[in-house]
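Chains as they are written, first to last, in the numbering used here: chain A, -15 to 291; chain B, 741 to 999; chain C, 280 to 705.
Treat the hints with caution; some may be incorrect.
List of simulated lysine-lysine pairs, DSS-like, C-alpha gap at most 30 Å [stated by the list, open to error]: (1) A:Lys230 x A:Lys253; (2) A:Lys93 x B:Lys808; (3) C:Lys448 x B:Lys808; (4) C:Lys284 x B:Lys758; (5) A:Lys41 x B:Lys900.
Label pairs and their computed distance ranges (CB to CB) [what the hints assert, rightly or not]: (6) A:Val120 x B:Ser937: 50 to 56 Å; (7) B:Ala762 x C:Gly373: 34 to 40 Å; (8) A:Arg181 x C:Ala544: 36 to 42 Å; (9) B:Gln793 x A:Gly197: 48 to 54 Å.
Everything labelled a hint here was simulated from the structure, so no lab data went into it. The beta-carbon is built from N, C-alpha and C at its ideal position, and this holds for glycine as well.
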Amino acid sequence: MAGVFVFSEDLALARQLLTPALELKASLGEPLVALTTSEAGAKELAALGADRAIWLKTEAAPEQLALALADLLGKEQASVVLVGGTLRGKHVASQVAARLDAAMATDAKTLKIADGKLEITRVLYAGLAVAEEVLVLPAVATVPARTFLPPSAVAQAGAVETVELAGDARVTITAVTATGNEGVDISAASMLVSIGRGFRKQDDVKLAADLAGAIKAELACTRGIAEDEHWLPIERYIGISGQTVKPELYLAVGLSGQVQHMVGCRESKLIVAVNNDERAPIFEAADYGIVGDLYQVLPLLTAALKN
Amino acid sequence: MPNLLVCYKWTLDEQDIKINPADLSLDSSRAKGKISDFDRMALEEAAQIVEKQGGAVDALSYGTPAVKQSLKDVLSRGPNKVYYIADASAEIADGAVTAKVLAAAARKLGGYDLILVGEGSSDAFNQQTGPRLAALLGLPCVSFVAKMTLEGNTLTATRKLADCTEQVTVTTPAVVQVLSEINKPRIPSMKQVLGASKKPSGEIKLADLGLSPQELAPKAVRKSVKGFVMSRKNVIYKESNAEANVQKLVASLAAEGLR
Amino acid sequence: MSDDKFDVIVVGGGPAGCACAYTLAKQGKSVLLLERGNSAGSKNVSGGRLYTYALELVEPGMYQRAPLQRKIVREQIMMLGEGSAMTLDYVDYGFGEEVPQSYSVVRASLDEWFAAEVEAQGAMVGAGILVDGLVEKGGKIVGIRAGEEEMYADVVVAADGVNSLLGQKAGLFPDVKQHAVGIGVKETIELPDEVISQRFALKAGEGAARVALGCTEGISGGAFLYTNQGSISLGIVFNPEQAAKHGRQIQDIFQDFKTHPAILALIEGGTSVEYGAHLVPEMGFHGIPQRLHREGMLVVGDAAQFGINTGLIIRGMDLAIVSGLAAARAILASSSPAEAGPLYMRQLEELLLLPNMKVYANFHNIFAMPRVFQQYPQLANQALQFLFRVDGKVPEPMAKGLLRILKSNVSFGQLAADGWKAYRSL
Ligand SMILES: Cc1cc2nc3c(=O)[nH]c(=O)nc-3n(C[C@H](O)[C@H](O)[C@H](O)COP(=O)(O)OP(=O)(O)OC[C@H]3O[C@@H](n4cnc5c(N)ncnc54)[C@H](O)[C@@H]3O)c2cc1C
Ligand SMILES: Cc1cc2nc3c(=O)[nH]c(=O)nc-3n(C[C@H](O)[C@H](O)[C@H](O)COP(=O)(O)OP(=O)(O)OC[C@H]3O[C@@H](n4cnc5c(N)ncnc54)[C@H](O)[C@@H]3O)c2cc1C
Ligand SMILES: Nc1ncnc2c1ncn2[C@@H]1O[C@H](COP(=O)(O)O)[C@@H](O)[C@H]1O
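With the hints as extra help, turn the sequences into a complete structure.
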């Protein structure tokens, strides 16, 4: 077997994958091969430390490449395949793992080689626990976005190759609509005001927006606010199935602090909670908190923080 | 009329799992079983399809012997029959083993137009089983489906991805992984609950699936599981006077260098 | 039998409903037991003490199968003062012999077990179903309604607890009046079993039951504490009207109770695993509604307001079980639904439930005396402090000191009145 492979259709994420992959490469003493769906991307990854970068030349969507990609990786005798943990990436990774009859870990947070096996950590029970898992090789792992910083460029760029892949056309894509992404990346914000179901109606979100305005924070929310109420766009919800953020300040208002939510923000530097239920789990997860009605507390807090 | 199979997992209710503060081990002695949250949407979607256009729904689960506790519950949610593989091996089964067992069982049962799975199990959230199952069965896979309609043997689905939605079509048989937002599962009515005890269930013996010991050996093995505890300052201001609380909080934020 | 008709539908999977359904199913009746919780017991607040005789009445030896916690051999009464406490500890190993008199129980597991026993007898058990109405025909009750759906039966047994919706729908009694019920808050605290045994001086398997007075800030009410396996249940029962007038949150008073040094020492280091509030029938015999049956319906357990609270013993579960059994026996003995009601009342006498309640009929008067909950516990503590204090100064003469303490808490007139009232109530 030979080769640590990385694949992501998302170039930013592919860059990040190189960081753990370089470590695995060092431990295994095997070459690092980057796979991506654009030529420019392949060049860039080669410059960031991939020994080989393969441009997968295709018209097909990543999911449609899964089986062909698996065959390629099988031929290459890949030891470890790291896949960018987007939804598309998870689909691809699972099918690659099935086709290669390989072990797979979803959303690995740390990765290392020990005793010739891949050891990873990942969360269980939506964040309640962290598990260490040992995967026999060949192994596939998806890695969530922003888990690692990209490596810096190397002096000697790797070779760029082109492989033409035919997509699996059994699933036909008839239309693609970009979602109303407003282009904010809340994971980059240093302060977040995050709201939950304690807000009774859409208009009330203004209370939080005012507070956010006063401290130059972005708005974030729980899943229900985005998925059910549609009061904020879905890219603003935090949690196991949403975004992961690590701001300086996470100000949680009217949200209960269930583990599925907290797993997305628990690495924040400071967590502050406003909730009228003293028993809400958010207070256990908070550095500071106010037990009180948000409708009373928020205006006061906004006013106090403004000056 | 379509024949549907819904795969569901019987998991522990994580709300009742406690972390032992001494060694961070998990205490699940009080945790009850539940149908993995998102599998309810898969069950509901299948139920809605046959309500509209006829057909039949079977449910399938691979679990430890505790999986038997799920049968009534799952049958109250629509399926005509539930099949289960109750075997201790499920305790340590990884994505590879689970998919092989389910694929072998689905093959044995045969004749399904659609196999539905949830977005991810609420304990492991591997999000692997659906696509893996499809690959093993040689079926096309439609993942992350937010909306779907089945007409004859054409499935039209809306997939919801990070930055776009995709309309796709596929000819059945196929595997569909549904997102939790696809529907709101109903709470079973009295007659559905009571009717469930009269519906059939069938046990499939693991030994009858023709899988070798190697195939049943997990490739991903859990080395340790530790509860995640946050250590936070937990300074909570709870006077009845909101203004005083706000003042204290603002002072604390200032002390933290945030103002 | 058609799919939607049973001999008996029992609504409520608490001890009353389970005892009733168990007995009927065992005798071959077709029984449907409906419980709104996702499983029986899931809506029930933690622990308590169960007097064993009740299960023995349902079926001799049954208690041995039940998930009981510790057999109670220590009975304790505690009077709390501010930063002090007086505890009366009565240990009686006779209570633990042969068929032990009582056990601590955890309701979630007890009810779940009991419902499984009911199912094993062939009854149909439907959990997660909220019964929200009755079906009446020609003045008779012939079934129940859950949402849009109906189920029919010769007899419906309302075992739906203290706030019985079915009893109200049947017009048997108006809504539970505020003064008739107490509100209880309860918490379960987990601690290693050995630690519990040590703190309460118990051997393995033995348990303590404790009542405490003087912790309710003068509100009519008291606290209780039971040792389970690996946990302690504790709580306070209050008069809600007085509590409302008092102005302080019940939770806060409970919190103070838990942090009283004499209580804290018992629960320290434990983790709270459950917390909840629930109503309790408080009026005893006088609280029982005039009518407990209609043609086609019987009311059992808390729904019938069966409860005894002497301040020292709280009994509800045993009466619930006995009344469930009484209803089952009445149904088995009757040849038409119309007969079941009168037979049920007779069974309540024969199984000694009503005679038991009559004995304590006037007990609630004692709870109407506010001083029981503050002045008297304080008095006891101050008197003991006086007797035990040594600080090198010349003490007050004993009689004078005690009299001073007495007078500072109550007047002789109050004392005489309370004494007379208490005597009359007994
Ligand atoms: C598998 C799975 C995955 C999930 N993934 C996610 C995820 O990624 N992200 C996510 O967020 N959730 C997720 N959830 C849902 C999660 O479990 C919780 O249900 C959700 O986070 C709760 O949202 P909330 O805090 O807004 O609402 P609630 O839990 O209803 O909390 C509302 C809070 O507001 C407080 N409140 C009410 N009124 C006021 C007032 N006037 N003033 C102050 N406070 C008030 C209440 O006390 C309460 O604590 C997931 C669930 C599952 C099962
Ligand atoms: C704080 C506190 C401490 C207590 N301590 C003790 C003690 O130590 N010893 C003792 O013997 N007793 C004690 N009791 C009293 C005891 O809990 C009750 O007397 C006993 O539970 C009564 O049993 P039951 O079956 O009548 O009602 P419950 O136990 O209340 O059961 C009623 C059941 O009916 C279900 N239900 C209600 N409405 C519906 C509906 N519409 N549809 C379907 N299902 C429904 C409920 O979910 C519940 O499961 C205590 C009570 C409290 C509150
Ligand atoms: N043991 C199992 N038995 C049946 N279905 C399962 C099992 N494990 C997972 N699934 C299905 O696969 C989906 C994804 O699970 P997972 O890959 O574990 O996140 C679940 O939502 C179920 O529909």
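(request) Taking the numbered hints from earlier one at a time, note which ones the structure violates and give those numbers from smallest to largest. (result) Of the numbered hints given earlier, those the structure breaks are 2, 3, 4 and 6, listed in rising order.
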